[in-house]
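Chains as they are written, first to last, in the working numbering: chain A, 1 to 585; chain B, 1001 to 1175.
These are calculated hints, taken from the structure and not from any lab test.
Keep in mind that this is a model prediction, so the values were computed, not measured.
It cannot be assumed that every hint is accurate.
[To be verified] Straight-line alpha carbon distances no greater than 20 Å define the calculated SDA-like cross-link-like pairs of lysine to any residue that follow:
(1) B:Lys1141 x A:Glu29
(2) A:Lys27 x B:Leu1087
(3) B:Lys1144 x A:Gly176
(4) B:Lys1141 x A:Ser148
(5) B:Lys1120 x A:Pro166
(6) A:Lys27 x B:Thr1150
(7) A:Lys289 x B:Lys1144
(8) B:Lys1120 x A:Gln250
(9) B:Lys1144 x A:Gln250
(10) A:Lys27 x B:Ala1083
(11) B:Lys1141 x A:Leu149
(12) A:Lys463 x A:Gly367
(13) A:Lys27 x B:Ser1154
(14) A:Lys27 x B:Glu1092
[Stated by the list, open to error] Examples of chain A residues lying across from chain B (beta carbon under 8 Å, computed):
(15) Glu51
(16) Met52
(17) Arg64
(18) Asp160
(19) Thr162
(20) Gly164
(21) Ile167
(22) Gly234
(23) Glu235
(24) Arg446
Even glycine gets a Cβ: it sits at the ideal position worked out from N, Cα and C.
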Amino acid sequence: MPNTNLSEEDFRSLVNRLLDDPMGGNKQERLSEQLIEAMQANESYREIYVEMTQLHASLSWPRRWSPNQTIPRTEPKEHVEEQPASNGSWRWIVALVLAAMILFAVLTPLALQEKNLSNDSLANSTKALQRKEITQTASDSYASFDPSLVAVAGRTVSVDWTLGSPIETGQTLRRGWIGFASGIVQLDFFSGARLVVRGPAKLELRSSSEVKILSGEAACYVSELGRGFRILTGESEVVDLGTSFGIRVQPGTSPEVHVFEGKVSVKQNASSDTVEVEQKHAVRIDPAKLSDVAFSESQFPNYDILQEEQLDESQVKYERWKNETARLSTDPSLLLHYTFENQKDGDIQVINQAQTRAVGSAGSIIGAQWQPGRWPMKAALAFKNENDRVLAKVEGSYQTLTLMMWARIDAIPGPRSTLLLTEKPKRWVLNGTLSPEVLEEATTRRANSAVQETRWMIDQEAKANLNIALVGSKNNPLAWDQYMTENPVVGPSEWGNWSALAVTYDTVKNQVVHYVNGELVDAQPLKKSLPILLDYLEIGNLSTWENEQEQGVNFRFYGAIDEIIIADRVFTAKEIQEIYEVGKP
Amino acid sequence: MSSQRVESGHHRSVVELLINAQPRLFAYTFTLFPNLDTARDILQDANCKLLEKSDDYDRERDFVSWACGIIRNCVMAYYRDHAREKLVFGNELINLAADVSQTYVAEDRRHSALSACYQKLSDQQRMLIDMRYGPDGSVAKMAKELSRSTASISTSLHRIRRTLESCIRTTLQLS
Chain A
1 MPNTNLSEED FRSLVNRLLD DPMGGNKQER LSEQLIEAMQ ANESYREIYV EMTQLHASLS
61 WPRRWSPNQT IPRTEPKEHV EEQPASNGSW RWIVALVLAA MILFAVLTPL ALQEKNLSND
121 SLANSTKALQ RKEITQTASD SYASFDPSLV AVAGRTVSVD WTLGSPIETG QTLRRGWIGF
181 ASGIVQLDFF SGARLVVRGP AKLELRSSSE VKILSGEAAC YVSELGRGFR ILTGESEVVD
241 LGTSFGIRVQ PGTSPEVHVF EGKVSVKQNA SSDTVEVEQK HAVRIDPAKL SDVAFSESQF
301 PNYDILQEEQ LDESQVKYER WKNETARLST DPSLLLHYTF ENQKDGDIQV INQAQTRAVG
361 SAGSIIGAQW QPGRWPMKAA LAFKNENDRV LAKVEGSYQT LTLMMWARID AIPGPRSTLL
421 LTEKPKRWVL NGTLSPEVLE EATTRRANSA VQETRWMIDQ EAKANLNIAL VGSKNNPLAW
481 DQYMTENPVV GPSEWGNWSA LAVTYDTVKN QVVHYVNGEL VDAQPLKKSL PILLDYLEIG
541 NLSTWENEQE QGVNFRFYGA IDEIIIADRV FTAKEIQEIY EVGKP
Chain B
1001 MSSQRVESGH HRSVVELLIN AQPRLFAYTF TLFPNLDTAR DILQDANCKL LEKSDDYDRE
1061 RDFVSWACGI IRNCVMAYYR DHAREKLVFG NELINLAADV SQTYVAEDRR HSALSACYQK
1121 LSDQQRMLID MRYGPDGSVA KMAKELSRST ASISTSLHRI RRTLESCIRT TLQLS
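My request is simple: use the sequences and hints to build the entire structure.
What follows is the structure in structure tokens.
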């Protein structure tokens, strides 16, 4: 029986469900029955159905199957073996011919009017395109590069992100949308184009050579390699033909293009002709025509502005951190606080800024070099070479401890990367800094401690590990208890970025807790509740015997460190979060 | 040689007409088989047939009407060949929608009206449309990316499409 009771709104809802809500099985079957019954009963519903489905299809077609997604971009190779034709490939040929023709029509509308193509040339181009597809597929199987990765985020200043997750400098970006209400973002596309965008902005990264800007002001700098970089703004399209230009897209007004250097081609919409705009000229892209407007380069964001604003922002953040960190240094629980502040390039030791600092807690720098830290005006120590390390001494055994470090890991070159570790005093003899009397006392302290060694490290899988050695058996003098995070804390995508790493050791609550960038990432119960003897500490590496070096024993940290905290109490998660927030670059 | 040139020219004209009509032919196909990917596959098959039959095309006739006839047969063939898969629609849909659909696609100003109407949408509305209809776009994916419920996304999309439909109708009437 026809369903004559369905209102127009109900019918529209059904069609909308058909379009947006893919269902399976019985539900879909029931929906289709309802639609058919309604259309049989009411002729006007057929019109509504057609209108709605055709709109849906018309919106999908240009966005899903545009020519540049269908045609491979590599040039055809002349001597590729032809593949035997099959029914399937014949279908592809048609698709490719159509795609090629669409692209041809889009790029050179006049060429089609000349009608100088022959069947032979069509056949040849078909074969070439078919070869291209084959070549592309073959080369793709060897490529590890993910084509969905399109750009890398450069500098960002005062960005208030509104769409998607906040983007960090150095982050690789996939195809998709980004949006921000204010601030400036630099995007370096893998095709060789750089976009400096000022918010409010909404843009879609469509490929390594194409971006769609719905709103925002941007300056586009294109290297020779990146020529042809394309910016879409709704219907219009701007293609770089070399060097640089600015583009402004604001809701309610027509987009403007200002060419700084070189020239760009502009199309109002898919069916309009391409117009080239020369340097020092500007146009407004109205729906019906292009209009000249006054050229102005200064109104667009550029790399210099970005740099200046970032420097200003860095200064503000740095001053804020300096104030807060000076207060932290007065916390009586701090045994060691290396802020790397008030130091000169060439200093051979790191000053312990903790108010309770003990003699010897200054760190001796071996090999590591001074360089800028989280902010350009802050100092850090870079650890690059095999023997770079810092030696420090903090006396005492502790039932509770917090170790925290701002570190920039640039790579993980070996099975273990040392953050901070305690060592047997004999190793320090290697450094020539212990007299026989001091060594004997230290050896006695160690002999009386249940915990022999403590190593806070990053393993090769980028997991943080607090490794505690207890007295073992005769054959195996050290028994290691490991407290390793389940997941990597600084994977390759984080390399080169500053991270706040922390671990707390708590014999009261019997647990070890790892933190990364203010967040608790792992908590494990203590296997044995014993105080940790600090005494002789090494940062960034382990002093190794010659035979160990020959055997390839390697604990080197590769990167930079610009703040270290050792406290004899357990910092709360809130405190660690606050230190991260005030210290994040 | 001379007759070959004539044939080549005719074939090339059909290719050009076919290329230009692709968006409209896709809309027609989708109306008869409302699944985007399958509709595209059917259209690809139909494109082959249209090229094979290009000699049959009479230049005096409306190309889109001629093409719609062949596409209609291709959709019917698809329903027939996949009958075992218990497709939710069938020839009933073709019988109900094909004629109306063909009338709609015959109106070639509809596409440019859609372009103009899309430009009139707000920034936010255009973003939602681009996200929904871009590659791999879906309501579920949008809900996740925008931290909104699927129902709320669907409602927004319904409203935007309704706005576009209304705008297209008005634009066509005015022109």
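Evaluation of the provided hints:
1. B:Lys1141 x A:Glu29: violated, 24 Å
2. A:Lys27 x B:Leu1087: Holds, at roughly 13 Å.
3. B:Lys1144 x A:Gly176: holds, 13 Å
4. B:Lys1141 x A:Ser148: Status holds; Cα separation ~16 Å.
5. B:Lys1120 x A:Pro166: It is violated: about 30 Å lies between the C-alpha atoms, which goes past 20 Å.
6. A:Lys27 x B:Thr1150: holds, 18 Å
7. A:Lys289 x B:Lys1144: This hinted pair is violated, its Cα atoms lying about 39 Å apart.
8. B:Lys1120 x A:Gln250: It holds: about 12 Å lies between the C-alpha atoms, which stays within 20 Å.
9. B:Lys1144 x A:Gln250: Given that 20 Å is the threshold and the Cα spacing comes to 27 Å, the pair is violated.
10. A:Lys27 x B:Ala1083: holds, 19 Å
11. B:Lys1141 x A:Leu149: holds, 18 Å
12. A:Lys463 x A:Gly367: Outside the cut-off at roughly 26 Å; violated.
13. A:Lys27 x B:Ser1154: holds, 18 Å
14. A:Lys27 x B:Glu1092: Distance ~19 Å between Lys27 of chain A and Glu1092 of chain B Cα, so the pair holds.
15. Glu51: holds, 6 Å
16. Met52: holds, 7 Å
17. Arg64: holds, 6 Å
18. Asp160: This hint is violated: Asp160 of chain A lies away from chain B, its Cβ roughly 16 Å from the closest one there, beyond 8 Å.
19. Thr162: Interface hint status for Thr162 of chain A: violated (10 Å vs cutoff 8 Å).
20. Gly164: holds, 7 Å
21. Ile167: violated, 14 Å
22. Gly234: For Gly234 of chain A, the interface hint holds, since the closest Cβ of chain B sits about 6 Å away, which is under 8 Å.
23. Glu235: holds, 5 Å
24. Arg446: Constraint on Arg446 of chain A not satisfied, violated at 54 Å.
When each numbered hint is compared with the structure, violations occur for hints 1, 5, 7, 9, 12, 18, 19, 21, 24.
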